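Asks: Here is what each chain is made of, one letter per residue.
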Amino acid sequence: MSQLSTFVVGKYLFGVDVSLVQEVVRLQTITPVPLAAPEIAGLINLRGEVLTAVDLRARMGMSRSATTRDPVNVVIRVDDEPVSLLVDEIGAVLEVSQVPFEQTPSTVDERVREMLLGAYPLPDRLLLALNAQRVLALTEDVRAA
Amino acid sequence: MEAIDEIVAEFLVESHENLDQLDRDLLALEQNPDSRELLASVFRTIHTIKGTSGFLAFHKLEKLTHVGENLLSRLRDGRIGLNDDRATALLKMVDAVRGLLAAIEATGLEGDADHSGLISTLSTMLEDGPPPVATPVPAPLGEVLVDAGATTPDAVEIARMEQGLGDSRPIGSILVDHGSTTPAAVETALETQTAHRSVVDSSVRVDVDLLDSLMRLVGELVLARNQLVSRLDDAADTSKDSSLARSAQRLSLVTSELQEQVMKTRMQPVDSVWSKMPRVVRDLAKQCGRLVRLEMDGRETELDRSVLEAIKDPLTHLVRNAVDHGIEAPEIRTAAGKPAEGVLRLRAYHEAGQVHLEIIDDGAGIDPQRIAAKAIERGLVSQGQLSTMTTREIMHMIFLPGFSTMGTVTNVSGRGVGMDVVKTRIEGIGGSVDVSSKVGGGSTFRLTIPLTLAIIPALTIGCVGRRYAVPQVSVLELVRLSGEHARGGIELISGAPVYRLRDMLLPLVRLDEQLGLVPIGAADAEGAVADDSRGGFIVVLHAEQQRFGLVVDDVLDTQEIVVKPLGRHLKGIPVYAGATILGDGSVVLILDATTLARRSGVLNSTAALAAVDTGDEIEVVDPVLVVEIAGDRRAAIPLDMVTRLEEIPAASIEHVGGREVVQYRGHIMPLVRLSTLLGGYGESTAGDGVQLVVYTRGERSVGFVVERILDIASERIGTRSDIDDHALVGSVVVGDKVVELLDVDSAVLAANPNFYAAEPAPTPEEALA
Numbered sequence: 001m002s003q004l005s006t007f008v009v010g011k012y013l014f015g016v017d018v019s020l021v022q023e024v025v026r027l028q029t030i031t032p033v034p035l036a037a038p039e040i041a042g043l044i045n046l047r048g049e050v051l052t053a054v055d056l057r058a059r060m061g062m063s064r065s066a067t068t069r070d071p072v073n074v075v076i077r078v079d080d081e082p083v084s085l086l087v088d089e090i091g092a093v094l095e096v097s098q099v100p101f102e103q104t105p106s107t108v109d110e111r112v113r114e115m116l117l118g119a120y121p122l123p124d125r126l127l128l129a130l131n132a133q134r135v136l137a138l139t140e141d142v143r144a145a
Numbered sequence: 001m002e003a004i005d006e007i008v009a010e011f012l013v014e015s016h017e018n019l020d021q022l023d024r025d026l027l028a029l030e031q032n033p034d035s036r037e038l039l040a041s042v043f044r045t046i047h048t049i050k051g052t053s054g055f056l057a058f059h060k061l062e063k064l065t066h067v068g069e070n071l072l073s074r075l076r077d078g079r080i081g082l083n084d085d086r087a088t089a090l091l092k093m094v095d096a097v098r099g100l101l102a103a104i105e106a107t108g109l110e111g112d113a114d115h116s117g118l119i120s121t122l123s124t125m126l127e128d129g130p131p132p133v134a135t136p137v138p139a140p141l142g143e144v145l146v147d148a149g150a151t152t153p154d155a156v157e158i159a160r161m162e163q164g165l166g167d168s169r170p171i172g173s174i175l176v177d178h179g180s181t182t183p184a185a186v187e188t189a190l191e192t193q194t195a196h197r198s199v200v201d202s203s204v205r206v207d208v209d210l211l212d213s214l215m216r217l218v219g220e221l222v223l224a225r226n227q228l229v230s231r232l233d234d235a236a237d238t239s240k241d242s243s244l245a246r247s248a249q250r251l252s253l254v255t256s257e258l259q260e261q262v263m264k265t266r267m268q269p270v271d272s273v274w275s276k277m278p279r280v281v282r283d284l285a286k287q288c289g290r291l292v293r294l295e296m297d298g299r300e301t302e303l304d305r306s307v308l309e310a311i312k313d314p315l316t317h318l319v320r321n322a323v324d325h326g327i328e329a330p331e332i333r334t335a336a337g338k339p340a341e342g343v344l345r346l347r348a349y350h351e352a353g354q355v356h357l358e359i360i361d362d363g364a365g366i367d368p369q370r371i372a373a374k375a376i377e378r379g380l381v382s383q384g385q386l387s388t389m390t391t392r393e394i395m396h397m398i399f400l401p402g403f404s405t406m407g408t409v410t411n412v413s414g415r416g417v418g419m420d421v422v423k424t425r426i427e428g429i430g431g432s433v434d435v436s437s438k439v440g441g442g443s444t445f446r447l448t449i450p451l452t453l454a455i456i457p458a459l460t461i462g463c464v465g466r467r468y469a470v471p472q473v474s475v476l477e478l479v480r481l482s483g484e485h486a487r488g489g490i491e492l493i494s495g496a497p498v499y500r501l502r503d504m505l506l507p508l509v510r511l512d513e514q515l516g517l518v519p520i521g522a523a524d525a526e527g528a529v530a531d532d533s534r535g536g537f538i539v540v541l542h543a544e545q546q547r548f549g550l551v552v553d554d555v556l557d558t559q560e561i562v563v564k565p566l567g568r569h570l571k572g573i574p575v576y577a578g579a580t581i582l583g584d585g586s587v588v589l590i591l592d593a594t595t596l597a598r599r600s601g602v603l604n605s606t607a608a609l610a611a612v613d614t615g616d617e618i619e620v621v622d623p624v625l626v627v628e629i630a631g632d633r634r635a636a637i638p639l640d641m642v643t644r645l646e647e648i649p650a651a652s653i654e655h656v657g658g659r660e661v662v663q664y665r666g667h668i669m670p671l672v673r674l675s676t677l678l679g680g681y682g683e684s685t686a687g688d689g690v691q692l693v694v695y696t697r698g699e700r701s702v703g704f705v706v707e708r709i710l711d712i713a714s715e716r717i718g719t720r721s722d723i724d725d726h727a728l729v730g731s732v733v734v735g736d737k738v739v740e741l742l743d744v745d746s747a748v749l750a751a752n753p754n755f756y757a758a759e760p761a762p763t764p765e766e767a768l769a
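So the protein sequences, as listed, match chains S and R. Per my numbering, the very first residue in the first sequence carries number 1; after that it's consecutive. Per my numbering, the very first residue in the second sequence carries number 1; after that it's consecutive.
Bound conformation, chain S alone (with noise of 0.2 Å):
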């Protein structure tokens, strides 16, 4: 049984295991930063700390521009480093004690399942759980020297 943190990105429904996020803040100013990877939204100011902001939206190959509304910041602490990940909506932390489905439905989109620990049927839509590492890991694109 594991507690997941969910949000919304695009059409689907993702969640974290909550033990991995740091906390979940809205904030306006992000400083894009030239020459860095399409999913890096930018950076932030967490009270004084500089985090990276990642797009999933641009991680998972949507755009922003479908959508006019300002991103939430979920900020998730992986190997030990706090980043933000930028999703459209936060949604609730929810219980999920079955064993996922290991093979993710094929209306899921191909960049996006290689980034799942699994599914989650729920009554309505399906949860799928983000597997942090691998949405971390960006092609290094890094269009640099």
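Since the hints were derived computationally from the structure, they do not count as laboratory data. Be aware that a few hints might be false.
Covered by chain S, according to a simulated footprint, are these stretches of chain R (three or more residues, beta-carbon under 8 Å) [to be verified]:
1) 567-576
2) 581-593
Restraint-style ranges between C-beta atoms, simulated for each label pair [to be verified]:
3) R:Ser203 <-> S:Glu114: 53 to 59 Å
4) S:Val8 <-> R:Ser586: 24 to 30 Å
5) R:Gln261 <-> S:Glu110: 53 to 59 Å
Chain S regions said to be covered by chain R (calculated; three or more residues, Cβ under 8 Å) [unchecked claim]:
6) 32-43
7) 51-59
Quantities reported herein were computed from a predicted structural model and do not represent experimental measurements. Glycine included, each C-beta is placed from N, C-alpha and C at the ideal position.
With the hints as your guide, set chain R onto chain S.
Replies: Chain R only, in chain S's frame:
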């Protein structure tokens, strides 16, 4: 009061008797050091004095006897033996106790006598071991009081004068009498003074983690301070809350001071890393069959401990390399006419807010030919690439991953790992590595590293609507581009943008292009250069000892920033040295000058080529004054040879015995026309004013007539062996031009052959020194 005085009097009488006994006992002890009885008697006497003095609040007496008692108790217990030094110290203690008692008898107070030296001597004798060479001198009581804010320097001065005029009272009581301070403050000060005394008491061990966390907190405080100040500045027009402004100013001041002090706690001398080197060198020299003498200059140079930590391995690697690869085997050295023993020199010094570390050996040096051959063999460069490379670039290939010049892989180094790591590590902390070498003469590795990594002054600039920070250490100057042809001053030389700055060509890097915000070359496209009336700034930066201009839209301000490391997703972008948070809370990226220069290729530009192609040996020289002699001809004069720059009316030049002279500061000063001396293209001083560079030694002066004063530059010198022109010693590269370096002495002698001859003028050697 009566009662207390009686007790004191009784104490004094009793103590005097005891002291006499003590003297006799101690002397007897010297003859018979093992006598437990004598020791026990001495111990009892001191113990009694100590107890009573504590009760009567004679703290100095108590402290002194306390230390004595400690020593005596150890002697009594047989844990340490009585030797000459200990006996002498104990006798001195008895004398001091007697002095204190006399003072108490006379004034009722212990007086100003200073026993800190004695106390620390006694303390160090508690263990068997050599006595300390020197004991610290405590600050005078007056100063302690002033430092504590308990009185004013003026009051202390007056009290001292009174003492000088015959007032025998201690300074503390004079001050109390004057109402300049309180008895309690004097008491505290005396304690502080004592506390300052022994080395053991004046330092504490602090956990490094605690210091790191202090540093972090100070960083936060600096940020909060900046934030407050910037808010207040914004609000300055609307509200006139001066008390708030004052508090903010005070906060700002205290924060700066706190920051400085906390930084100091983290500073350690470079010796903490160097101290391991003699052993490293000795072992390695043995292993490799070398004779090496290690010399170290500037051991006391301090660096932040995080920096020290970071340079430890690279430094060790360079030292090992120098012993293994640099210094030759004794027989080879002897055959080459060098002393069998090689010298490895480590130098450290502060300059321009940075620390310079040099690893200098007098070994075989690095042969650029061999480097080139190796690089081709390893497939690191092609023959074609090599032909366009400068000596400097070739030398720098030793820092490429997978490069090793040793024919055979030795046990020690030369596995082809290391040099690249050295470079990566040093650059990782914002430093740079440079190498210069002379075949057969040795190599010098130069590390330039920042003093601290935590808080640095930085310039904030604007580019395409965003702000960035550039560490101030890289910034040389700012040039504003304004007016109708704001960017018209930017020219294209073989496709690369340059700016003519004081007649020197400055290669340019456009920040917007480098950050990928506009396509590369767009701004320089046909016609765009001329039309561009957009204002802007050129931030003149230096990287790897070359200068270049960074074109930005705006220059905002300078402030202290706290460097925050970037997360792992951004670490791979070398243009950024980190990020910081500005006063308004926004995150700003910190740019790395060296990477910007390297990415854009300005380091390989014409100016850079000129800087390295002038000779084999490259050295950094002192600043020079660049002057125009005639026409286009220029010369450089070492700045320390220049006393004054003058402009005189041409009419004031007189002729005496076929020489030009001028009356200057009450003397007759001979003039030398550098155009004539250096064989220029004839007289061209058309104007009314004549520019003079005056050189003065003692009473004598010589004026060098030049066409124009151009610039002061600190540039590289390429020693040219083929200079046969007299009055020239070599050439310097200033900007993109080779400029001849004037031999001031021969030029002076041309004007006045007796300049150095008679006293008090110094000899040429002294003049050169």
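Asks: Give me the numbers of the hints this structure contradicts, sorted from smallest to largest.
Replies: none
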